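**Q** If you want the building blocks of each chain, they are given just below.
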Amino acid sequence: MHSELPIADNHTKERHQVILPEKAINIVSMDLIASLGLGCETVWSSLLEGNCGLKPIPWMQTNDKQDAFYGGEIPQSVWEELATLIPEAGKNRSRDLAVAVGQSTLKQGRAWLDGTDPREIGLVLSSIKGDMNHFEDFRQDVPSPWHYDLFGFANDVAKSLGIGGPVLGVSNACASGLVAMSLAARLIQSGEARLVLAMGVENLTRFMIEGFQSIRSLSTGPCRPFDKTRDGMSIGSGAGSVLLASADHRPESALATINGWSCTNDATHITAPAKGGAGLQAAIRQALAMAGLQPSDIGYINAHGTGTVFNDEMEAQAYYKVFGPNVPITASLKGYLGHTLGAAGVIEAILSVMVLNNKLTPASLGLSELGVGQPMRIPTENTAIPDLRYVLSSKVGFGGINAVMVLGEPVS
Amino acid sequence: MNSENIIISAFGFADATNYGGSLLGGAIKPLPPDPFNGLRWETFSERSYKRYGRLDILTSYAMVAVELLGLPAFEPAQSDMALVMGTGKGCLAVDLDFRDSMDQEGGGSPLLFMYTLHNACMGEIAIRYNITGPNLCLMAGEESGLSAIWEGLRLIRCGEAASCICLAADAVGDRTGMHKNAAPADYADSRGSAHCVLIESAKHAARRGAKPLAGIRESKGDTCNATQELSCETQLSNLQQFLSGKQEYNSRDSRIELRLNLYHRSDLLYIDRC
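Line order of the protein sequences matches chains U and W.
At position 131 of the first sequence the residue is numbered 131 (the working numbering), and the sequence of numbers has no breaks.
Position in the second sequence (from 1) plus 1000 gives the number in the working numbering.
These are computed hints drawn from the structure, not numbers from a lab.
Bear in mind the structure is a predicted one, so any value in this text is a computation, not a measurement.
Check the hints yourself; a few may be wrong.
With a Cα cut of at most 30 Å, we get these calculated DSSO-like pairs of lysine-lysine [said to hold, decoys possible]:
#1 U:K107 to U:K275
#2 U:K359 to U:K228
#3 W:K1220 to U:K107
#4 U:K228 to U:K107
#5 U:K55 to U:K91
#6 U:K55 to U:K23
#7 U:K107 to U:K91
#8 U:K228 to U:K55
#9 U:K91 to U:K159
#10 W:K1220 to U:K23
#11 W:K1029 to W:K1220
#12 U:K91 to U:K23
#13 W:K1203 to U:K23
#14 U:K275 to W:K1029
#15 U:K159 to W:K1220
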């Protein structure tokens, strides 16, 4: 009775189309909010000063642990500032973060928006679970759980920003942000949108803290990516957004280009990263192929670097296998901001653009002694990278997902 | 973007009343009474799957639909096969269960938490069939299923995948029945459903000897016509009927029209019988 299809032809794998630099998708404006403040420049300056946004947060206490966890919470001063910037602020913090970064990013990109029909502008919003502040309120049965989903949240944000094109939510665990950016790039490539705002939003909730504590992923202190004593991650709140445009639409100079991307699945385990990082290696190689680049062209890696024992070891192995002993300078930003989960891909891509444009990387905070099995070049102080032209950002998540993006200098 | 012809080469689905797909030679069968208890693996497939009992309801429906595609467990891994899932509410049932477990002694349940991540479902599918290509979980409300097909088309046309399992799955569970008044009609009376199609370029299908069931043509950016709206669930259900050759739907027509309404725009997929 069963009529199995013949095994698919795996030897005829289509080659990824190479995106020529002059045809790369442009990042034309961007903004972010995180535990270190509001705005790219504020956060960037704070990183260079070595400030850590992770603090013990009294309400971050789970049923099986009486000490408060460290987390990257948005400071009260930022919430107060947001209240002056966006209409109807204060009712829902996830929405406040999303509308604030979206509004600012669109404002900065107005040269690209001039004369564009709102129906040609799309929104791809990434988050692990969407508006969980809304869901937690449902404990009192008001409002109903039907309204907390990611798409409803994305639609609400799109309406607030006047976006009338395609709207999609993306939920791919901790890789969501980079997946959203690549989906946004495809919407432009396919001609379905002229401009797309790719956004990542995550506001700390007890639901997520309980969740990650239940699988013993949280650190006892501020996370220490790639360090010998690392013992888990710290979660953070944040939001970031980037406005993407096609290479043909260049009224002004862009901030950076998206030259290639890839997404793979380990297909080995739901929560544990694949030993040796085969899936991440494949994603890096495919993204480089799409960008038409060699490993030696990459001058900086924005690692996922969560501070968990297994993730950091897996990443170290994957980078070594792709790049060899000349692995580029590699840094994690989690020691400053914590893991902003579904927003991490977008926030860290924005900070990677800052690294690219300043040719300077902040130190990888939390590292005292390297604790992975492969040699890595992790900066313990702010380090200039004078010849930097391409940056690689990688994010890894539960469900076996690996996402990688190659960012480059804008084409003049 | 390449402009190759894209075809549907397999389908599978399970909802509150029926199941069917390419594994059954294209047949559609009634689900045994009591859908929740009737969702036993043995009902759908003779091939063993030991992890099935651990899965949450969303992943269970999704896994059944994908199994009914009739794909083997690939060896070597399928690095050029993508997996795109569209879901309206994701795993709302397990979200509620996990939230309750947070208040219990010892804290939240790790097994439940794992399945509160919408894409855990795709991870399970990737493991069972050894699919290592691109994987995305989209949320687009009632248009999630069709959005998944659209994203599959993009991935193939951009050269990121040679084929794609496009899956629509939702499972709200019986606990949310108390909120029926607030729920969209499609979800209120069903505990879950999953629909999927395998799409690939005609050339790729020919190379591996797969028989096309239908061809896909697309048209983008029409003005949205609210009077013609059908929910995604209904459209996908019609599509499965069409692919199975059932004559109850569109008996004189060899084409089905699926309308994706995202915001003010309406994109159309025309599926032509092969």
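**Q** Does the structure keep K1220 of chain W and K107 of chain U at a Cα separation of 30 Å or less?
**A** holds, 28 Å
**Q** Given the proposed pairing of K1203 of chain W with K23 of chain U, does the C-alpha separation stay at or below 30 Å?
**A** holds, 27 Å
**Q** Between K1029 of chain W and K1220 of chain W, does the CA-CA distance stay at or below 30 Å?
**A** Violated. K1029 of chain W to K1220 of chain W sits at ~34 Å, over the 30 Å cutoff.
**Q** Need the status of pair K228 of chain U, K107 of chain U: alpha-carbon distance at most 30 Å?
**A** violated, 44 Å
**Q** Against the 30 Å threshold, does the CA-CA distance of K91 of chain U and K159 of chain U hold or violate the hint?
**A** holds, 16 Å
**Q** Given the hint that K1220 of chain W pairs with K23 of chain U, test it: the Cα-Cα distance must not exceed 30 Å.
**A** holds, 23 Å
**Q** Next pair to validate is K107 of chain U with K275 of chain U; report whether the Cα-Cα distance is within 30 Å.
**A** Violated: K107 of chain U and K275 of chain U sit about 44 Å apart, past 30 Å.
**Q** Between K91 of chain U and K23 of chain U, is the straight-line Cα distance small enough, at 30 Å or below?
**A** Given pair K91 of chain U, K23 of chain U is violated - Cα atoms ~42 Å apart, limit 30 Å.
**Q** Take the C-alpha atoms of K228 of chain U and K55 of chain U, compute the straight-line distance between them, and say whether it is at most 30 Å.
**A** holds, 21 Å
**Q** Between the alpha carbons of K55 of chain U and K91 of chain U, is the straight-line distance 30 Å or under?
**A** holds, 25 Å
**Q** For the pair we were handed, K359 of chain U and K228 of chain U, check the Cα-Cα distance against 30 Å.
**A** holds, 28 Å
**Q** Starting from K159 of chain U, check that the Cα of K1220 of chain W is at most 30 Å away, please.
**A** holds, 22 Å
This entry does not satisfy hints 1, 4, 6, 11, 12, 14, going by the numbered hints stated previously.
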